[in-house]
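Taken in sequence, the protein lines are chains U and P.
Each residue of the first sequence is one higher than the one before, counting from 1 in our numbering.
Each residue of the second sequence is one higher than the one before, counting from 1001 in our numbering.
Hint data in this document are derived by calculation from the structure and do not stem from the laboratory.
Check the hints yourself; a few may be wrong.
Stated by the list, open to error - Partial list, computed: chain P residues near chain U (C-beta under 8 Å):
{"id": "1", "residue": "Met-1001"}
{"id": "2", "residue": "Phe-1003"}
{"id": "3", "residue": "Thr-1029"}
{"id": "4", "residue": "Asn-1036"}
{"id": "5", "residue": "Leu-1046"}
{"id": "6", "residue": "Glu-1053"}
{"id": "7", "residue": "Gly-1095"}
{"id": "8", "residue": "Ser-1096"}
{"id": "9", "residue": "Gln-1098"}
{"id": "10", "residue": "Ile-1099"}
{"id": "11", "residue": "Asn-1101"}
{"id": "12", "residue": "Arg-1102"}
{"id": "13", "residue": "Val-1184"}
{"id": "14", "residue": "Ile-1185"}
{"id": "15", "residue": "Val-1260"}
{"id": "16", "residue": "Ser-1263"}
What the hints assert, rightly or not - Pairwise CB distance ranges, derived in the manner of DEER restraints:
{"id": "17", "chain 1": "P", "residue 1": "Val-1137", "chain 2": "U", "residue 2": "Glu-82", "range": "49 to 59 Å"}
{"id": "18", "chain 1": "P", "residue 1": "Asp-1038", "chain 2": "U", "residue 2": "Glu-140", "range": "34 to 44 Å"}
{"id": "19", "chain 1": "P", "residue 1": "Lys-1288", "chain 2": "U", "residue 2": "Asn-117", "range": "50 to 60 Å"}
{"id": "20", "chain 1": "P", "residue 1": "Arg-1235", "chain 2": "U", "residue 2": "Glu-140", "range": "24 to 34 Å"}
{"id": "21", "chain 1": "U", "residue 1": "Glu-82", "chain 2": "P", "residue 2": "Glu-1079", "range": "32 to 42 Å"}
{"id": "22", "chain 1": "P", "residue 1": "Ala-1227", "chain 2": "U", "residue 2": "Asn-117", "range": "25 to 35 Å"}
{"id": "23", "chain 1": "U", "residue 1": "Gly-69", "chain 2": "P", "residue 2": "Ala-1264", "range": "29 to 39 Å"}
{"id": "24", "chain 1": "P", "residue 1": "Thr-1008", "chain 2": "U", "residue 2": "Glu-71", "range": "34 to 44 Å"}
Here the structure is a predicted model, which is why all the values come from computation and not from measurement.
Ideal Cβ placement from N, Cα and C applies to all residues, glycine included.
Each chain, letter by letter, is given below.
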Amino acid sequence: MRINLTINGERRDADDVWEGESLLYALRERLGLPGSKNACEQGECGSCTVYLDGTPVCSCLVAAGQADGREVTTVEGLGQGEDLHPVQKAFVERGAVQCGFCTPGLIVSTHDLLQRNPRPSDPEIREALAGNLCRCTGYEKIMDAVRDAAERAE
Amino acid sequence: MDFLAPTTWADALAAKAEQPDAVALAGGTDVMVEINFDHRRPPALLDLTRVPELREWGTDTDGRIRLGSGVTYTRVIDELGDRLPGLAMAARTVGSPQIRNRGTVGGNLGAASPAGDSHPPLLAADAEIEVASVRGVRRIPAAEFYTGVKRNALAPDELIAAVLIAPASGPQQFCKIGTRNAMVIAVSAFGLALHPQRRVVGTGIGSAAPTPRRADAAAEFLAGELAAAGLWESRDALPEGLAVEFGRKVRDAAAPIDDVRGSAAYRLHSLSVMARRAASWAWDDYRKVA
Ligand SMILES: Cc1cc2nc3c(=O)[nH]c(=O)nc-3n(C[C@H](O)[C@H](O)[C@H](O)COP(=O)(O)OP(=O)(O)OC[C@H]3O[C@@H](n4cnc5c(N)ncnc54)[C@H](O)[C@@H]3O)c2cc1C
Ligand code: FES
Ligand code: FES
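Next up, chain P with everything else stripped away, as it sits in the complex (with noise of 0.2 Å):
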């Protein structure tokens, strides 16, 4: 096995592209793992740790976060919390405090589990994925960069350099089941974003389906029953109804399995009350700001 160390990114594209096959190495909360447990003997090692740009996080010319692919939980929780809050929620709920310490919102995406905590608000946030190679820089949608089970967009030779997401312009949330509050893999996670200037809302779902997807018909639902009936500007109470609606609308955009952690039928139960609450308590934090 090789162990590659670039401390450049120019270094690091080059690496990736003379072996494509060498496996990139961030925090190792799944490579190591694997690779401890002889799951995976990849034939060489390219650690990222040494590249001081993935480990930085600003703000781009649009205005938007440009989160580098190797920061931390932790840092997301402490130093973002108040830009990027459904990130922050979801990262709280990451592991335990050592593998928040560790664990990028990078190596979630390079793993591309279904499960991975980052997926729905990265999803409820129009957020998009910011991919590299020798070739050159392409920008992905984070709608279009699941591909499939523990799949993503990345082309062999390309390496995630950073995550673009807008500062959060109205309130945003993140549920997730499990069973216990410490190092839980979701059983289902949910999260949401209302977008206020542009009447829009997003959505992620977790853990219910092969890859983490939006609720799109279900976020139309609700944006255009708020705005029919008026609500973005009177900022009245959320009919019960209406969350209700959304969150069985929320649950038909789901399509889980039966596996050790829960049953289809809970997940797409639990999704449904997660939706529900996650609009009310989003909601009640939108009239509140008013």
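Extracted from the complex, chain U is given alone in its bound form (with noise of 0.2 Å):
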């Protein structure tokens, strides 16, 4: 089938798209944009995380089908070009990235917390990145670069 769906502000189409693919798989394979991490398709990790209609969702648990019509944004969109929205440079400049393969669904669910709570306590930072996975930094560089993000935003 074919979807037609908004990505980062631009109208897309995707052929051959099958019915029981993952929105991941269509953005990764069909569409161009490998940012959004495939590592555990099954909700898991978190680094397939994406907006769906302005809410994060993982998108290896969302029909392509199902994304038809709305509106998506990927981690490709929240920079300007090749200016990195304040929330990835904070996430590079803290050292919270190594392998980075879980940087994209921590960079969205990070940008999706600061939306809703600029100055998120803690606790509050550990609760919104709790569906997200890292393997690698053990958290701190991670909760560093989300409360420096916070900051910057200031």
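Starting from two chains that each stand alone, build the complex the way the hints lay out.
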């Protein structure tokens, strides 16, 4: 089937989408957007997190057909061209990126958290990022990056 | 595979009647995992996310909350925490923010896992499940909805429309045991609701029997002892022995198995502890409202 959706502000078509296919697969394999990562395909790791109509979701658990006609924002859509978003800058500068596999999902989740709650407490950060696993950093640098991103936004 | 995406409830029911083996798809947090891992290859997916009334909740003519089957956990938490505190407490323990943004109470009922977190509070609050097909509408008490391990009372042509739950008339509690706070399938769970106007106690056990189930004998015991001692009126402290005995009776209502998440013995013990604590906490809340 064909789906048509708005991704990062742009209308896009994807053809030959299999009916059981996930939005994550369509993004990575059909739409040339490999930023969202596929690490578990079962909702556990959050590395595939994208905004669907403004709400962060695991794109591996959304059927591509469910995103037809909807708005999707991926990690690729947060910065302005080559200019990284402040959340992305904070992650880079705070050493919160090692292998980088978890990073796109964490960036989207952090972006969403700071939109809803510009000055989160540490427990609020941990709760908001509970659906994003990182196997490298031990999370301390990620906590630093989120606190830093909150300060930058002020 | 077909992908059916009706935009009205009538069309959704017609599609399900025509293709009873189509698998309903709401938040996808159960269905898509099965598809991604090749555990399921249904001939058709029936996407329900475009049916507006499933995503709404409101107050029914009889005063009960009518929760559309497609309302997400996040919305239950944000919008109904005051009226449906037991369900909202359970919703807060589901998965992660991303899962709660997508997962629905209707999907939990569709999956009918004994570990589903919606079930104990729905049982404790005497909720009814409204299901529909082109043949008509019927309402099934939660206690009759779960028919076996991951089985429910739906006929092949039926879909879940809504859940009907009275707004809390007294304190409610939900307890869940797991290995950590986030992303945890319950090892065992317990829901409790006090219904002071009716002098009734409601219970729901999760993850400790082939289906979610109530602990009716325990609930009747506690309500009866509270009445006999005049505690509903006096709002005096709950005797410790009574809470302990209630916990034992809840435990006796369970029939757990050993599995990777925990042993049957641990489930029984944790249930008795959770039930005792839930009763004490709920009773303390009841005393405060006086
Ligand atoms: C990472 C992760 C963590 C999770 N953690 C928890 C947890 O802590 N607690 C918990 O209880 N669950 C948990 N789950 C399971 C799942 O999120 C819940 O069961 C959720 O309620 C399913 O809702 P859904 O809308 O996503 O359902 P879907 O996956 O869309 O559907 C689930 C089932 O219900 C059927 N269905 C859906 N809507 C209807 C309808 N209107 N009529 C008839 N049938 C219907 C579907 O056909 C399917 O069989 C988790 C899942 C994941 C992936
Ligand atoms: S790939 Fe989607 S949550 Fe892991
Ligand atoms: S940086 Fe490697 S998983 Fe997080």
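**Asked** Taking the closest Cβ pair, is P:Val-1260 under 8 Å from chain U?
**Response** Violated. Min distance 15 Å.
**Asked** How about P:Met-1001: closest beta carbon in chain U under 8 Å, or not?
**Response** Where the cut-off is 8 Å and the nearest Cβ of chain U is about 4 Å from P:Met-1001, the hint holds.
**Prompt:** Against chain U, with CB atoms and a cut of 8 Å, does the hint on P:Leu-1046 hold up?
**Reply:** violated (11 Å)
**Range hint compliance [Cβ, P:Ala-1227 to U:Asn-117, 25 to 35 Å]** = violated (46 Å)
**Asked** Taking the closest Cβ pair, is P:Val-1184 under 8 Å from chain U?
**Response** Where the cut-off is 8 Å and the nearest Cβ of chain U is about 10 Å from P:Val-1184, the hint is violated.
**Message:** Within 34 to 44 Å: is that where the Cβ-Cβ distance between P:Thr-1008 and U:Glu-71 falls?
**Reply:** violated (22 Å)
**Prompt:** Holds or violated: 29 to 39 Å for the Cβ distance of U:Gly-69 and P:Ala-1264?
**Reply:** Given about 48 Å between the Cβ atoms, the range is violated.
**Asked** Per the CB criterion, is P:Ile-1185 less than 8 Å away from chain U?
**Response** violated (11 Å)
**Message:** Under 8 Å is the threshold here; is the Cβ of P:Asn-1036 close enough to any Cβ of chain U for the hint to stand?
**Reply:** holds (4 Å)
**Request:** Under 8 Å, Cβ to Cβ, is where P:Asn-1101 needs to be relative to chain U, so tell me if that hint holds or is violated.
**Result:** holds (5 Å)
**Item:** chain U contact restraint for P:Glu-1053 - C-beta distance below 8 Å
**Value:** violated (18 Å)
**Prompt:** Hey, does the P:Arg-1102 contact hint survive, CB to chain U under 8 Å?
**Reply:** holds (5 Å)
Going down the numbered hints, you'll see the structure goes against 5, 6, 13, 14, 15, 16, 19, 20, 22, 23, 24, while the others check out.
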